[in-house]
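Colleague: Just so you know, the sequences run in chain order A and B.
Heads up: the first sequence runs through residues 1 to 727, numbered per the numbering used here.
Heads up: the second sequence runs through residues 1 to 727, numbered per the numbering used here.
These are computed hints drawn from the structure, not numbers from a lab.
Treat the hints with care, since some could be wrong.
One copy or two, it doesn't matter: identical chains are merged, so the pair holds either way.
Claimed, not checked - With a straight-line Cα cutoff of 30 Å, these simulated DSSO-like cross-link-like pairs (lysine-lysine) come out:
(1) Lys399 <-> Lys291
(2) Lys708 <-> Lys292
(3) Lys712 <-> Lys596
(4) Lys102 <-> Lys652
(5) Lys399 <-> Lys712
(6) Lys128 <-> Lys368
(7) Lys281 <-> Lys370
(8) Lys695 <-> Lys370
(9) Lys455 <-> Lys646
(10) Lys203 <-> Lys652
(11) Lys555 <-> Lys675
(12) Lys455 <-> Lys284
(13) Lys102 <-> Lys664
(14) Lys646 <-> Lys555
(15) Lys712 <-> Lys664
(16) Lys555 <-> Lys291
(17) Lys370 <-> Lys437
(18) Lys399 <-> Lys102
(19) Lys291 <-> Lys370
(20) Lys437 <-> Lys712
(21) Lys281 <-> Lys291
(22) Lys555 <-> Lys284
(23) Lys102 <-> Lys203
Number of protein chains: 2
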Amino acid sequence: MIRFLVRVCISLTLFGALAAQAEDGYRMWLRYQPTADTQLRSQYQQQFTNIVQPGDSPTLQLAARELATGLRGITGQEIATPDTPTTGSVVFGTPESSAVIKSLELNDQLNALGDEGFVIARREYRGKPITAIAANSDVGVLYGSFHLLRLLQTQTPVDQLATQSAPAVEHRVVNHWDNLNRVVERGYAGLSLWDWGTLPAYKDNPRYKDYARINASLGINGTVINNVNADARILTDQFLEKAAALADVFRPYGIKLYLSVKFNSPMLLDGFETADPLDPKVQKWWQERVKKVYEYIPDFGGFLVKANSEGQPGPQDFNRNHADGANMLAEALEPFGGVVFWRAFVYAPEQGDRFREAYDEFMPLDGKFKDNVIVQIKNGPIDFQPREPFSPLFGSLEKTNIALELQVTQEYFGFSYHLAYQGPLFTEALNADTYAKGEGTTIGKILAGDVFDYKHTGMAAVINPGNSRNWTSHPFVQSSWYAFGRLAWDVNLTSSAIGEEWLRQTFSNDSDFIQPMQEIMAISREAGVNYRMPLGLTHLYAQGHHYGPAPWHDKSGRPDWTAYYYHQATEDGIGFDRTQSGSNAIEQYHDELTNKFTDPDTTPEDILLWFHHLGWNYQMNSGRSLWQELVHKYDTGVAQVEQMQKTWESVKDYVDAERYQRVKALLQVQLRDAKHWRDACISYFQSVNGLPLPKGSPEPAHDLEHYKRMEKELYVPDPWYPEPSGH
Amino acid sequence: MIRFLVRVCISLTLFGALAAQAEDGYRMWLRYQPTADTQLRSQYQQQFTNIVQPGDSPTLQLAARELATGLRGITGQEIATPDTPTTGSVVFGTPESSAVIKSLELNDQLNALGDEGFVIARREYRGKPITAIAANSDVGVLYGSFHLLRLLQTQTPVDQLATQSAPAVEHRVVNHWDNLNRVVERGYAGLSLWDWGTLPAYKDNPRYKDYARINASLGINGTVINNVNADARILTDQFLEKAAALADVFRPYGIKLYLSVKFNSPMLLDGFETADPLDPKVQKWWQERVKKVYEYIPDFGGFLVKANSEGQPGPQDFNRNHADGANMLAEALEPFGGVVFWRAFVYAPEQGDRFREAYDEFMPLDGKFKDNVIVQIKNGPIDFQPREPFSPLFGSLEKTNIALELQVTQEYFGFSYHLAYQGPLFTEALNADTYAKGEGTTIGKILAGDVFDYKHTGMAAVINPGNSRNWTSHPFVQSSWYAFGRLAWDVNLTSSAIGEEWLRQTFSNDSDFIQPMQEIMAISREAGVNYRMPLGLTHLYAQGHHYGPAPWHDKSGRPDWTAYYYHQATEDGIGFDRTQSGSNAIEQYHDELTNKFTDPDTTPEDILLWFHHLGWNYQMNSGRSLWQELVHKYDTGVAQVEQMQKTWESVKDYVDAERYQRVKALLQVQLRDAKHWRDACISYFQSVNGLPLPKGSPEPAHDLEHYKRMEKELYVPDPWYPEPSGH
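Chain A with its partners taken away, still in its complex shape:
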């Protein structure tokens, strides 16, 4: 009785400790709360009572710690660490590191799982039921450990835990656009995580370790820590020493460190008069600099390069091409196993249709890049707009390794003020059919290496978290980070399945919470499209910061930095003709799509105005005119935000007060902004087409002049963007 009471006391103490942890979002989806379903918790308590750690490698120690912490939280009871397995053991390791794992003879499964895959198996060991996590490498074991905890956090029945999994995409990398002064370009969650002034001394900063855990829990295996608009100083000893400290923290989590580099670094750092990639002195400079980097970071991942794009230096400055530039760096990195991610985000002002440029510039170079170069391509041909057709480079670059670049930070989705789960956008991109080898040649398949003979593949996400307590400021931006990681591991996951995983781990498993919330996860991205740029409109943003609307914007240093360039709205119609009668960008796709996009009637309505300039009275599938459909979409966007508000209020009882209040307030901001977008754009387009609003659609709250004024006056919450002058 006393013993029972003592155990109850210990449990209560534990429970108190766990329950008291503030729900401030810091723990992301790794909250390890006690299983709410009491019957299931009871089963978990029987099945997961201890962990048996095989060896002392840093990675296995991390796996052990994560399992102990996670299981303790989930079961609400202490987790023992015996030397040999008993009933309820979780045994983990590789056949090399663990005799027990070896004895389970999982080699048939392991052989197919590569370096990073894992098996979770339910077995008996000497008659005792155990759970085994096995892999071919310690990092695979770590991934398997996180996956087991994911299964438990999402209340998976014990008899459904057995699984095996290996990642689809080789390089699963997050990108940070962090400047060295800690301001984050397109970052809306505080200052950079990297506290440079305290590195390398303070590498034990809990933020770094938790950052690594968060990424490792998704199987992310690389991070580029500095802005692609790079600062050459990153390659100096001063900063390499600091970066090396971060690399040390990340290494046991299986995360390699990469750096963005500035192409003319030899000129900036050592006074060279050229950065010509074919100049032997320049080549030697890079070889020596790369060698220095590897002295600091022996398993350094490589470089990410933005060159000849938006003013960044590059090989074209020296009359060379992208392959020349990339290959020079690749050659320097090759002896050390490093790679070059070379970005295809290029659009020179004089080139005509910006849509076409990356393809026109890179296709002639297909097959000319070295094996350790990976061309990193944004999902769409313009720049992370709320909806873009996929970049024609996908399915066209056949002899060049590629990576897909996605955006988690909400540069075009309302910064950290709007709820806009990106799962639907990411899966839309992965499921896009390029028709490169007939129907079904999706981008996901290509990235999984199933279509072309790529030596490397990759997926990258610009995450730009910051020192906000919850990493992302808006709690729901976390869901997009989560979705990216899950998709890089398994390109076939659905947006809703990922969304549900995230909701369960981050908030609650209660179906009365999950079901309504799935609605929010399903519509929030589309709402953002609808109240900004429906039917394939794009880039109606106020220039520079991209927060609010400025569809009236028609003057800039470059035509393709005006909204008018993109929408071309006139009295007669709207949209960008990219068919043969226009820029013919559609020829860049494979024939099936070229044909499909040639005719407005066969072009999907959600990308219609990407490809066609149509009259305002063009008839849509709904029977409405184009103008009426446009207004309908704008109204739908606003209504969807109102719906999200109602849904969020309906689940109040399932959410802690702090996060409930925060999201509720943010939805108010989002509704205000959605209405502002809708009203501003509709006012403007009306001023162009002179048409009345459809019946039932409310008049904008103000006149067009008001919205034009607001473009200048409304506060834009971006520490990176230069403040307006004259204040």
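With chain A held as given, fit chain B onto it using these hints.
Modeller: Only chain B this time, still in chain A's reference frame:
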């Protein structure tokens, strides 16, 4: 037995919850940990079992919540909330709000305590021992509640709790130099706390409430939320609405909101051609704008103004003087009870000795300011240097209200990387004897209103916290914020007593911790003086960011922006002659000090070179030459940091791992910087005087050219300061 065990279980649950709260510094000195001394905890558990709240005012509700939380944490047991007092009650309120308080007949004490003072009394109520917290206002009750909790957190014996206290200084205000884009000028702890983009919707942000608690716990009753280098937009509806939301959060904590305003706002906001304070249209503009502010914030505190200083606009632009400018604003604020804090931080480039300027500019205006103007004066005549003699304006402005401005953010003390508790600097300023009315006319006495017939007095601290988890980034910057608040309440507190309070509440009451740590609290400021600018040297900083050394700096847009201007080191000697043979700044002091500073032999050595240009062989009290003493001081500074490191390591067992590791790493950075300062300055001065180092003093690690190069190359961790170009 069962009941006993149940209570033990509840206690354990509570204990688990409390113990599990991470020691990440977020809770500052309001941790409310269970009393470590078990005997004392037992007494507290008997004496503090419940709280009796008298009324429902927002402020009393906050007091109740704080007492409940605090007592629960300190005693480790649940705190009941009965309607009537019993044994162990804490009864709190005003005689008006609480019949119990009224019945205790504390009026004799209360009558002397003003609006904000409080009494803590141990009494019997109907034969039951209770603790009473009484005041004349609800805010006084709140202050008393925080003070009781302070007493308990510092393990005050029960029989020593009775006390009464009223604040010495009327306006106890914190200043933030936060820009509207959230970058904080001279802020080293993240982005601004004010998340403008989410205001006014998200005013329930826990940060705002905890910010208010932190300040209220010290008795701070005002906050200026935006940069003195002001942005005129703060006075637009858009931002007033946001500021009003913050004011709503702060109000029940007794904290008034103030705003920094730009003097030429009528020109910037409404296209006026002048901001002449004597122009009736300009006056009317301000009257209307002030009226608008009070519509948003009925108890708005007033304005803080930086005018005709470092390029900011001001009355002198229109051939008016400071009084003209301040009075115009004061007149507009007067009907609403607002005040103007008008900063005396002025130094025009052509004026000669910068030291003299504020005095020369403001003394002729003494008595010309309206009653609701308060001239806010930095402690020293230059700018928050590690040691400055006090500003001669103190004790000289007899007919003008004044406030003392201090700096908590470590602009000149190593940002958030160095440990430099400012208690010694603050008390040095408050204890400075102005001799205005004979010996003992300290600045503290003046600010307490005991010397001149001021209508208002104030103390202000530039705190510049940020969104770092622990508010200040370096954990020990918290101690300076704490010291400021305590001194504004009681100017007679000693630095070490305050330091001990802070250590006890923030870390541990264990004397094996306190005693060694007192050493650190005593020397850290002086170490910062010693390894930078001993013996009254000043402003040897690298220009602009003020992080590292550049004593060689002798060219700038203005002479008083060079280090040479301040140290004037030549082959023959060093220091600034401010006696009659020089700028005669010493005449600005009262005679006793003028006389004292006239002769180097009677000038305190720690400010010697503030006032005298002396030969390198000038003999110091120690018998060393000036040069030898200077080197000795530099060496002492480095040795003091090494001592701080050892001391910190010696108390490892008393500190949680997270904060221990962080401070340990920061001390490594500080030692590196201290050596760098010492080596750079000594190299430079040696290059000027050609003298050898004293025996036993180590040669600098590098040559002077190295340190000059490092001025450009060493990374400066400041998001606000413009990054070096060409990278």
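Colleague: Could you run down the list of hints and mark each one as holding or not?
Modeller: Now the hints, each set against the structure:
1. For the identical chains of this complex, Lys399 and Lys291 are intra-copy neighbours only, at 28 Å inside a copy versus 70 Å across copies, given an alpha-carbon limit of 30 Å.
2. Proximity of Lys708 to Lys292 under the C-alpha cut-off of 30 Å is restricted to the inter-copy arrangement: shortest distance 25 Å between copies versus 52 Å within a copy.
3. Taking CA atoms no more than 30 Å apart as the test, Lys712 paired with Lys596 passes in neither setting, with 41 Å inside one copy and 58 Å between copies.
4. Within a single copy, Lys102 and Lys652 get their C-alpha atoms no closer than 49 Å, and across copies no closer than 43 Å, so neither meets the 30 Å cut-off.
5. In this homomeric assembly, Lys399 and Lys712 never come within 30 Å of each other (Cα to Cα): the closest approach is 47 Å inside a single copy and 45 Å across copies.
6. Taking CA atoms no more than 30 Å apart as the test, Lys128 paired with Lys368 passes in neither setting, with 57 Å inside one copy and 91 Å between copies.
7. In the homo-oligomer, the alpha carbons of Lys281 and Lys370 lie at most 30 Å apart inside one protomer (20 Å), although the nearest pairing across protomers, at 71 Å, exceeds that limit.
8. Taking the closest pair of Cα atoms, Lys695 and Lys370 never come within 30 Å of each other, the shortest separation being 60 Å inside a single copy and 61 Å across copies.
9. Proximity of Lys455 and Lys646 under a CA criterion of 30 Å is satisfied in neither setting, with 49 Å inside one chain copy and 54 Å between copies.
10. In this homomeric assembly, Lys203 and Lys652 come within 30 Å of each other (Cα to Cα) only across copies, at 18 Å, whereas the closest approach inside a single copy is 39 Å.
11. For a Cα distance limit of 30 Å, the shortest separation of Lys555 from Lys675 inside one copy, 25 Å, qualifies, whereas the shortest one across copies, 54 Å, does not.
12. Proximity of Lys455 to Lys284 under the C-alpha cut-off of 30 Å is restricted to the intra-copy arrangement: shortest distance 26 Å within a copy versus 73 Å between copies.
13. Neither within a single protomer nor between protomers do Lys102 and Lys664 lie at most 30 Å apart by alpha-carbon distance, with minima of 52 Å and 43 Å respectively.
14. Neither within a single protomer nor between protomers do Lys646 and Lys555 lie at most 30 Å apart by alpha-carbon distance, with minima of 40 Å and 63 Å respectively.
15. Within a single copy, Lys712 and Lys664 get their C-alpha atoms as close as 27 Å, which meets the 30 Å cut-off; across copies the closest is 47 Å, which misses it.
16. Within a single copy, Lys555 and Lys291 get their C-alpha atoms no closer than 47 Å, and across copies no closer than 40 Å, so neither meets the 30 Å cut-off.
17. In this assembly of identical chains, Lys370 and Lys437 lie within 30 Å of each other by CA distance solely inside one copy; the values are 24 Å within and 83 Å between copies.
18. For a Cα distance limit of 30 Å, the shortest separation of Lys399 from Lys102 qualifies neither inside one copy, at 40 Å, nor across copies, at 88 Å.
19. Taking the shortest Cα distances, Lys291 and Lys370 sit within 30 Å of each other inside one copy (19 Å), while across copies they are farther apart (69 Å).
20. For the identical chains of this complex, Lys437 and Lys712 are neighbours neither inside a copy (49 Å) nor across copies (56 Å), given an alpha-carbon limit of 30 Å.
21. For the homomeric pair Lys281 and Lys291, the shortest alpha-carbon distance inside one copy (15 Å) is at most 30 Å, but the shortest distance between copies (69 Å) is not.
22. In this homomeric assembly, Lys555 and Lys284 never come within 30 Å of each other (Cα to Cα): the closest approach is 44 Å inside a single copy and 39 Å across copies.
23. Proximity of Lys102 to Lys203 under the C-alpha cut-off of 30 Å is found in neither arrangement, the shortest distances being 36 Å within a copy and 57 Å between copies.
Figure legend: structure checked against the earlier numbered hints; hints not met, in rising order: 3, 4, 5, 6, 8, 9, 13, 14, 16, 18, 20, 22 and 23.
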